[in-house]
Structure formats: structure tokens, C-alpha cells
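Protein chains in written order, with my numbering: chain A, 1 to 316; chain B, 1 to 173; chain C, 1 to 434.
Be aware that one or more of the hints could be misleading.
[As the list claims (entries may be wrong)] Keeping only pairs whose Cα atoms sit at most 30 angstroms apart, straight-line, the calculated DSSO-like set for lysine-lysine is:
id, chain 1, residue 1, chain 2, residue 2
1, C, K392, A, K89
2, A, K25, B, K122
3, C, K421, C, K281
4, C, K356, C, K26
5, A, K89, C, K396
6, B, K122, B, K84
7, A, K25, B, K146
[Claimed, not checked] Partner residues are not named here, just some residues of chain C that face chain A (Cβ under 8 angstroms, in silico):
id, residue
8, C312
9, A316
10, C319
Simulated from the structure, these hints should not be mistaken for lab results.
Using N, Cα and C, we set each Cβ at its ideal position, and we do this for glycine too.
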Amino acid sequence: MISGHLLSAEDLTKESALGLLATAKELAAITDGPNKKLPTLRGKSIVNLFFEDSTRTRISFESAAKRLSADVINFSAKGSSVSKGESLKDTAQTLQAIGADAVVIRHSASGAAKRLADTHWIQAAVINAGDGTHEHPTQALLDAFTIKQHLRSSENDLTGVRILIVGDILHSRVARSNVILLTKLGATVTLVAPPTLLPVGVSNWPVEISYDFDKEIANCDVVMMLRIQLERMNDSFFPSAQEYSKRYGLNSSRLRKLSKSAIVMHPGPMNRGLEISAESADDLKSVIIDQVKNGVAIRMAVLYELLGGAPIGAQR
Amino acid sequence: MGVLLSGSDIDRAIKRISHEIIEHNQGISNLVLMGIPTRGAYLAERICNFITEIEGSVGCGVLDITLHRDDLRLRPPKPILPTKLPQGGIEGKDLVLVDDVLFSGRTIRAALDAIGELGRPKSVQLAVLVDRGHRELPIRADFVGKNIPTSISESVKVNLKELDGEDLVELLK
Amino acid sequence: MIKISRAKLTDGRVVDIDIENKVITKLQTSTGKPTADAIDAGSKLLLPGLVDLHTHLREPGREDSETILTGSKAAVAGGFTAVSAMANTNPVADNAGVVEQIYRLGKEAGLIDVQPIGAVTQGLNGEKLSEMGAMADSIAKVRIFSDDGECVSDPLIMRRALEYVKIFNGIIAQHAQEPRLTVNAQMNEGIVSARIGLPGWPAVAEEAIIARDILLAEHVQSRLHICHLTTAGGVELIRWAKARGIQVTAEVTPHHLLLTDDLVENYDPIFKVNPPLRTQKDVMALREGLAEGVIDIVATDHAPHPAEDKDCEFHAGACGMLGLETALSIVVKTMVQSNLMSWADLVNRMSITPAKIAGYKSQGQDIAIGMPANLILIDQEKSWKVDKNLMKSKSKNTPFHGTELPAVVTDVFHEGEQVMKNGEILDKGTSQNE
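Just need the whole structure built from these sequences, with the hints factored in.
Okay, here's the thing in C-alpha cells:
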């Protein structure tokens, strides 16, 4: 069981992560039944505090919270620029006054979730739904869940699973969380990217590094494609979309090189035709829709474990 | 501390309950069992095995009620345990819930809610090894191993071989 | 007349001195007994007042974070008798009017010498030279010019600036930061930044500018000063330049002698500073460089910020730390207690050499008869616990809150007058501008 906050995949032990996956599995089974709604978090208020647009992540958390009967308040701070407008501190204190039990925060600044949890601005449980270029722990959990579902459903962990994470590692919170969590669960991870999109200091990560997608593709069980942000195009991280796509896109010829049982993943939203071809995205190997579905179950599990009991220190 | 039921008492109670269930339901054709974890699940399995022996195969499942408890915010969160539907599901069945001790009745209330998530049985019945009284809700058991009047400050501890190494029901003061 | 008895000098002598008309008029070996009417140093250390070539006093423009008066008090509390105020005020100190205003406000505060630094370029925008000659000719007699906070990144503008200040023997103090390599940079680029996902400020962005400017200074035969050196590679470059006889000097801040980039892990902007905290390897190279004299001086980069500029997410936080009140103690802790430097070396790096670089005639002088009486007494046996709420600065953004530090400044004498007595600042000036 986890408690307090969920800020980083570093907060999870192997045991607590596997516990969340097991809980999510049960919750998924229940919500697959005729009645999707559980009374578990009745009377709890969960605020989706989104400083960045992300409809997908927001509705995933929102439906997770609603299936557990929590009240959901969507606080979209987009446009009300952090620098110009209200500070994060003032926003947090407002949410505290409203009586939020949990804050699901998406913010463009790395560490924003941690600041919210560390300062005394607010007492609520903080769930990091993506902070800048740092982490996105629930995405890693849902990815681990999906990989386990498809490749290791009867085993304990992900030992021996070979995973390629391909694309903009430098700016990817998904990659950071996944590297931490998937290696913790026993998988081996290879990062495939041009050197411009790998952080200086990546040598310290428990991963292999490769610049050559074609060399790696035949020897993996999972290929996880990352989204290329269109604004990177103008920053000389690579010469052109065409060249990027050619070297690092998952096209049909690379798709054919994948082993029989391998699966294709993408955290969404996809740039079809850039990092992933339409054919690859829609192929039978693609588990992208499962990722979305599992996201709800994982977020239910996280909300349940963080909010399902008395707050720490208030137990009888 | 006193022994309320010995191993052989428990064995007899399970056999009697099994017979009563068969009799009450006029056979096993529409019957399924679900045990409430942890010990209720083992008791359900034992009843199921006995019924299978004397009457024929009957479905047995496990029903986790954690998410439906009404005391969630009073205690630390508990891990969710797997719920297992009996073979053939519960839709339209005569479902016998099995638990070790019937006390306030709140667990059973939560169990009735949890069943609602899974489907709509024709009827729900309740079998317990021990009924110790002190009900807080209008709930009663259909099949009882032993009625034991207790004081509210006492507690009843059920030990089962599968978990605790021996079969024994004790009263703890 | 002020008398001080039983003061210990860095060479070990214990002396009694008299101060009259701003100068030391008598100096003799102590009898070992306190003299009547004298301030009894009781074998505390007597040093020339410290000189800081890199201070942000925020006035004019950001009087909510510091004023020249509160900054002067912070300086006195830290044992400084002269500070050079950086030009990134609002309006920018890029003309004679603003530097004279700062100079005058320093006089009114009356606690220390406040010497304005002039901007190299107008509005610090790196495009057109400011009127450095007019600032040099003003009553403030500006000799140090810097766009600190911004790098003079255009090599041609830097060349011209280096050439131009030769007219009045000025010096350009460069904030070495290649802007294109540090777009949106938040912290040192390395293992920690990779892990915690903050955009990196690579060492090479600092070193590339240092290398370029060393070569420019050699080419035009002018004086270059490198502000707040932070990398091991930078130390190497300065060592190389000095061996070639290039007129380059360099400073290091106390915080870069002690703190490392892993402190940023919790995203607390109190550790956000420009240039950023680097690695332990850099810290050790900076200490060695300072001990060796490759790095000439310690300068504080005292940068006060109001609470709201640090009580926020890391990206939104302002760069900078308080420095004046903790500088001496940090240098004692990192350099003297670790036996890398003697107290005499400390005086050299924090008083004599900075005064020499800036051309401050009445500062950083020997303690001898006829010499100006800018002096401080230090209790080297005592330690103190940093409390951000007890700082003399108007701001509280010290990264050392709660830290136990060695050496306590007890008394400060500026131009022969006592401005601090047993830790209490004595109000001497006419300014009420707190």
C-alpha cells in the first residue's frame, strides 16, 4: 500500500507498485461489471488542478474518481499564467480552504507537485499527473500494468521483459517514470533516441542507450514510442520531421521486424505519420487502447490507496 | 480465554450447515456459494467440498467487500483482495454467503452491496460459523454453526487449519 | 580617539592600537593586560575590513528586497567595510546620474564604503556601450563595469568594452554565461538535472565565455575580471591565462565553495542561483583554485529577494542568495578549518586583493601606523547559528538557515569610527531609508 502522496516513481517500492497493479486488476474487474460505480470514496473531494492542457489525463483521473463516488472539481488554470496571475501558493491555499482531500496536479514546471506536497500550502494528498520534464508516475504504472497484462499475466513481476523506449527522452516525463518503475519491476530498458534528445547524465540511469532503432527493434518485447512535441522542430533537435520519422519512427517495415509476441505502446496523443505510422498504431500488436483503459483502473487504485482510509495520524 | 468450539465441533457444524443448505434449497441445482475473505472464504470452500461429496458439484467463489465498507474513513486503507465469481456466475442463482463470525452485521451489509456490483441473484442467504449477537443492522443468518452469547468487550477468534494451523474457536476477553 | 587593546593579528602578534582621524596612529605590542579606556579585544582577531566586489543592493528599484542602508547593515554584520554595488538596478546604473545617486545613498547610510559598479551596456541589453567615461569621471569614480545578471555575449561589444576602459584603468567584470546554451536553464546540467528533469545550465556555457574573453583581454591588453567562477574547467582556464601573463582576475562565491547541485533535489528555489550550484568535483577545484591564488578573491554575489520570489515552484523562483552576513564564516569553514588557507590568506582573498582590483585606496591595507582604520574584530573561537529571521538584510533568502557556522564578527570600524559594537550596529548615518 502507498500512503501520503504519489509524486514520483521513486516513491514506489517494488512491493507497493505490484500491490497497486493487483488492486487495479481487481478494480478493473469490478468496473467491467454491470455497475461501474463503487461507493468507496463517497464524500471525498478530488481536485484536478491542471496548469497544462491534457484532456486525456484529466478525464482518466476524473472517471477514476467518479467510479469511486468521489466529488471531482476541475480547476483548469490554463491561460491564467502562473507567472502573471495567481501563484501556485495562492491557488493551493484556495483549494485547502475549499476542503480538497486530494489534488491531482499537472504543471509545466518540474517539481511543482513536490513543492505542493513539501510546503505547508495545503494538507491534501498530492498526485503528480505530470510535472514539466520530470515525471508522470501513474502513466508508468498503467504502462507496467499493460505490459504485465499482455506478457507476464501469470508471473509476479516483469523480469526478463525487454523494453525499448523510443523518442524524446530529454523532455519526457513518461520516459523518466517508466525507466524507474519498469527497471524496478525487473524489466530491461533500452532508450533509443538521437543524442540531442537524451539528457546529459543519462549514463547514470539503469538503462542501455542506443542511437540505432533498426538495430534494437528485433530484440525487444515492448516498443514504447514517445510523442514528439511539434515545438522541438524549431529548436534544432533534429533536422526535419521527415528525417526524424525515417530514423526513429515506427513504420511498417520496422513493425514487421518486431517479434511475434511483441507489443506496441504509446502514451498518447499520437502524431500519426511522425513517430508512429497509422498502420503501426492500428496494428494487432498495438495495445494503445488498452493503455487508456488501464489508466482508469490504475488511477482508481492510486486514489483508493491514498484516500480509501483515514488520513495518516487521524486513525483511531 | 475459553474454547467455544473444538476442531471436531467445527467439523460437525460445517456438515450440519451443508445439510441444512441442501434441504432449504431443495437440492443444489440452482445453488452457489461465496465466502467473505479471509476465513469465510475457507469455510465456504469446506462447505462446498462437503456438498459436492454428498450431493454433487456446486460453484464456490470469493467476495471481497473492502470497497463497500462503511468504516473506511475510520481506519487505515486495506489492500483489496481478489473477488472470484463462482462457476456459472451469480445471475439468477440462490447465493449462500459464508462468513466466520456474525457480529454487527455491517460486513454483511457491505457484502450485499458488493453482490449488487456483480449481478442479481434470485436469493441471498447467509451461513456463519458463529453468531455472537450485538447486531447493529436488521440482518440475521439463515444457517448458524453455533449461537454464542458474548459481552461487547469480548472478542471471538476463529482459527482454521488453512491459515492458523488448527481448527479452534476461542473467546478472548 | 579609539583604543583597542590585546588584538591578535594574523601573524600572531598581539597588539594595542590607537585610532585617530581615520587612521591608525599607534601600534605596539600588548603587555597582555587590557588598557584603560580601550576596547578590549581579549585576543580576538583584528583584520582589515572585508571588501566585496559583487553585491546587489537593489536600490533604486527593488527597495522591497534591500536598500542601500539595509544592505550596508548586512555588510557590516558580515565584517565588510566596502562593497561594490552591481549595476542591475531599476533604472540600470548605466549613467552618471544613477551611479552618483547610489554613491550618495551609501554616504548617507554612513556605515561602509558603497562603490557603484557601472553597466557595460545601456540597459544591460548587450547592444550599445553605456557612458562608461562619464561614470568614471563622476563623483562615484566608477572603475568596475559589469552587466552582471546578463552576459556581455556579443564578442565585438566585449572587445570594445575591454578596450575602452583602458582610458581610465577600468576593468570589465564578466558574468560568463553563453545565452544560447542556457535557454530556460534552471540548474547545473548533469546527473542530478537528468534525474529531476530540470533544464540544464552546462559548465561549458560558462567556460566558453571565459575562454573567449581571456583571449580578447590578451589581444587588446586590457583587464578582465570573471565573476562568480563555478566550474573546475573555469579554474583551469584562469590558471592557463595567468601563466600566459594575461591580466585576468577571478572571484568565487562562498556558496559555490560549499553547496552542490544535489541540494536542488527538492525543488526548493532557495537553492536557485545563477550561475547554478555545481558538483562536488567543482567545489573541490574551486577551493584548490582559491587556496592557490588562481582564483584571486571571494565575492558574495549577495542577492536579496522577497519571500514570494522564493515561495513558489522552482521555475518561477528568482536566482540568488544572501551572502554578506555568512561569507566570512563560510570561507573559514571551507578554507581555513580545512587547512587549505591561513587567516592571512583569507585576508588576502577577502580584503587586500579585492581592494587592489577595484583600486580602493583606503581599503584592504596593512594594519600599521598611518594606515586607514577600516578594521574588524573576529571571535574565531565562537560559532553561531544562522537564523534567516535575524538577518540584517531586508530579505531572508539564505540557504544556510539553521546551519552552525564558525567565527563571529563582533566589532567593525569604518574610517576610524566604530559602526558595530559587540554585534550591535551603531547608527551613524543620516539615512532612514530602510
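A quick look at each hint next to the structure:
With a C-alpha separation of about 27 angstroms, the suggested pairing of C/K392 with A/K89 holds against the 30 angstroms cut-off. For the hint pairing A/K25 with B/K122, the CA-to-CA distance comes to about 28 angstroms; that is within 30 angstroms, so the pair holds. Taking the CA atoms of C/K421 and C/K281, the gap is about 40 angstroms. The hint is violated against a cut of 30 angstroms. Pair hint C/K356 plus C/K26 holds up; C-alpha atoms about 25 angstroms apart against a cutoff of 30 angstroms.
Between A/K89 and C/K396 the alpha-carbon distance is near 18 angstroms, which keeps this suggested pair within the 30 angstroms criterion. Only pairs whose Cα atoms come within 30 angstroms are accepted, and B/K122 paired with B/K84 is accepted, the gap being roughly 19 angstroms. Proximity of A/K25 to B/K146 is assessed by CA-CA distance (about 37 angstroms); at most 30 angstroms being required, the pair is judged violated. This hint holds: C/C312 has a C-beta 6 angstroms from the nearest C-beta of chain A, less than the 8 angstroms allowed.
For C/A316, the suggested interface contact is upheld, since its CB lies about 6 angstroms from the closest CB of chain A, less than 8 angstroms. The restraint placing C/C319 at the interface with chain A is violated, with a minimum CB-CB distance near 15 angstroms, outside the 8 angstroms limit.
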